[in-house]
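Put together the whole structure using the sequences plus the hints.
The chain contents come next:
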Amino acid sequence: MTVVYSLENVVKERLIDGVGFRLQVPRIQIRAEENIALIGHSGCGKSTLLDMLALILRPDTSDEFSLHPVQGDNHDVAGLWRRDRYSRLSQIRKQHIGYVLQSGGLLPYLTVRENIELPRRLLKLPDDDSINSISKVLGISRQLDKLPGLLSAGERQRAAFARALSHRPSILIADEPTAALDPITAHKIMAVVMEVIRGLKITLITASHDWAHVYKMELRTLRQEAVAVDDGKVYQSSFSD
Amino acid sequence: MTQFSNIIRLSFRDYSHEWRMSGCFILALASVLAPMMILFGLKFGIVTTMIHELVENPANREIKPIGSGRYDDAWIEGMRQRDDVEFIIPRTRALAATIQLKSTSAKRIVSTELLATAPGDPLLGGATRQPRNYFQVVLSHAAAKKLNVNSGDEIDASLARQFQGKRERVHLPLEVIDVAAAGVISRNVAFVDLELLIASEQFKDGRAIEAFGWQGNTGGPEGRMYPSFRLYARSIYDVENLFSDLEKEGARVKANVAEISTVRSIDRNLSVIFWIIACVGAIGFAFSLGASLWANVDRKRKDLSVLRLVGFKGGRIVMFPVLQSCYTAVLGWLLAVLVYLAFEYLINVFLAPRINLDRVLCFLLIEHFLWALALTVVIAVSAAVLGGMRAARIQPSDGLRDL
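In order, the protein sequence lines correspond to chains A and B. Residue 1 is where the first sequence starts when you use this note's numbering, and the numbers rise one by one after that. Residue 1 is where the second sequence starts when you use this note's numbering, and the numbers rise one by one after that.
There could be a bad hint or two in this list.
In silico DSS-like cross-links for lysine-lysine, where the CA-CA straight-line distance does not exceed 27 Å [claimed, not checked]:
id, chain 1, residue 1, chain 2, residue 2
1, B, K204, B, K146
2, A, K146, A, K124
3, B, K302, A, K124
4, A, K201, A, K188
5, B, K254, B, K64
6, B, K313, A, K94
7, A, K136, A, K124
8, A, K233, A, K136
9, A, K94, B, K302
10, A, K94, A, K136
11, B, K107, B, K204
12, B, K313, A, K124
13, A, K136, A, K188
14, A, K124, A, K94
15, B, K302, A, K146
Calculated directly from the structure, the hints in this document are not laboratory data. If you're wondering where the values come from, they're calculated on a predicted model, not measured in any experiment.
This is the structure:
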């Protein structure tokens, strides 16, 4: 399998709520079509790592930070950050990465359909039936013309997944996407999302702070690999064995 | 381009989605702008009306010689070339510039003052035609009324003199080619070609006028000298300077200098007061809008972070608050114009008559509204750029966690 992400000695220091925090990534590799869970307690640095993987947070230092979203398309992310190539980073992110936030992050002034269409519009992708089909799979076809404020939490999260997947990215990053949902709804949504991801051959990286939940609801059924984050240190290990 | 058009669309959608907040911004802007417009409307209306009345009435721009002088053609031509002179034409002696007019439609003979005229005569601003020869005349409204004639009618003009012990009277047919507007001059006046005025004076002096076959003495002094002139400054603002120059030349003249000076002083003082108020208002408005937009960007950092996340560049994100500020500026200006127009109507229709003024007290020109719009947009955009720069600096990862 192609290595999608390759990180070595990546360090990021942040000031969160006035408290200094240091994330160290000795070495992780994420392969294409893998499903990766970043597991760790709140404040351990999962989101920081996710943001760096999503190219929205600049690492302070790194020996290696490369991204190969599709075969033959290699990006030296560390070099792009060093050379302040924000437009290029934005372009790579826009094209290859879908991002789902804990609260969905839907724009409240756009309808669900317009939210889902937004990444496609920015990439100037032609209008096709993909919005309708992904909405149908995720069970939000009847909500497309509503504003996000009128949806339930579960529907909002489905719409957020639809937006993140609408432009067919090769990588999907989700930051505790089901944390605000009840376990049954969370399981239903993740099951559907996994089906879509398998069909589209997408690499999935999610974060969760609930070890038990991950183990019960996700790892057994969904995960192949897990990356543990503890007190700013990152450890990669396989759960699939 | 796609990003730009998308930002326009998204910023407007957000603006209309948050209509309550947007409405508050619009009201805040209009509440500053409308009083300033009313204030300026009053200042402009009162002063402009006064100035307009002064300008409209050529009498206020006229500089009149006192008594008799000696002005030759060269002096008249020299004055005519000055930029601050709108019109000048010689006058003959008052007694020699009187003619008797008679028409077939009126019983009485009307003794009429002869005034030379030429193209550009402010007294004939409303007349469409000018006398081009000896036989054409433009009558003042009073003279035409007494003679009961209109444009196109023919009248008989007669001049009388004592010559070699005998009383002589000559007649001249004149065509009325136009009638001057009623407000221009209240006296009985016949506006004629300068040559006819001079011929009239020469006839009364006993000289022969070959063009009409009038007998008399031949020969005479070389070169013409005129005892007086009719002079109008180009604007009321030129009167004082022109008046002063003529006095320096030794001419005894009079003009409406005091009244013009008073109006100009009022204009200056009101302008200073207005601009002080306008500047304080504009600074307050700029700070208020800037602070609001700054706070607005903070409030919207989550949404702006999402826009960055889905692929909008930082430079485009700057446009988001800037465009929303433009919407506020245009809509606030529009509301202020509506409020202003309502007050303008109330002031002019209800207040002006109560203080016994029959003129417009408050009004603005189209260009004033457009200037107000341009200034409002510039101030609003300048203030919004601060917020926009702040928006551009928000990294997606900074705003997303608050969602």
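Hints, one by one, checked against the model:
1. Under the criterion of a C-alpha separation no larger than 27 Å, the hint pairing K204(B) with K146(B) is consistent with the structure, at around 25 Å.
2. At most 27 Å may separate the alpha-carbon atoms for a hinted pair to count; K146(A) and K124(A) meet this at roughly 24 Å.
3. A hinted pair counts as satisfied when its Cα atoms are at most 27 Å apart, and K302(B) with K124(A) qualifies at roughly 24 Å.
4. Using a Cα cut-off of 27 Å, the hinted pair K201(A) and K188(A) holds, with the two alpha carbons roughly 20 Å apart.
5. Of the supplied pair hints, the one linking K254(B) and K64(B) holds, its CA atoms being roughly 5 Å apart against a limit of 27 Å.
6. Straight-line distance between C-alpha atoms of K313(B) and K94(A) comes to about 10 Å, which keeps the hinted pair within the 27 Å bound.
7. With a C-alpha separation of about 23 Å, the suggested pairing of K136(A) with K124(A) holds against the 27 Å cut-off.
8. Taking the CA atoms of K233(A) and K136(A), the gap is near 40 Å; set against the 27 Å cutoff, the hint is violated.
9. Our distance criterion of 27 Å between C-alpha atoms is met by K94(A) and K302(B), whose separation comes to about 18 Å.
10. Straight-line distance between C-alpha atoms of K94(A) and K136(A) comes to about 24 Å, which keeps the hinted pair within the 27 Å bound.
11. For the hint pairing K107(B) with K204(B), the CA-to-CA distance comes to about 26 Å; that is within 27 Å, so the pair holds.
12. Annotation: proposed proximity of K313(B) to K124(A) holds, straight-line Cα distance about 15 Å (limit 27 Å).
13. For the hint pairing K136(A) with K188(A), the CA-to-CA distance comes to about 14 Å; that is within 27 Å, so the pair holds.
14. Taking the CA atoms of K124(A) and K94(A), the gap is about 11 Å. The hint holds against a cut of 27 Å.
15. At most 27 Å may separate the alpha-carbon atoms for a hinted pair to count; K302(B) and K146(A) meet this at roughly 21 Å.
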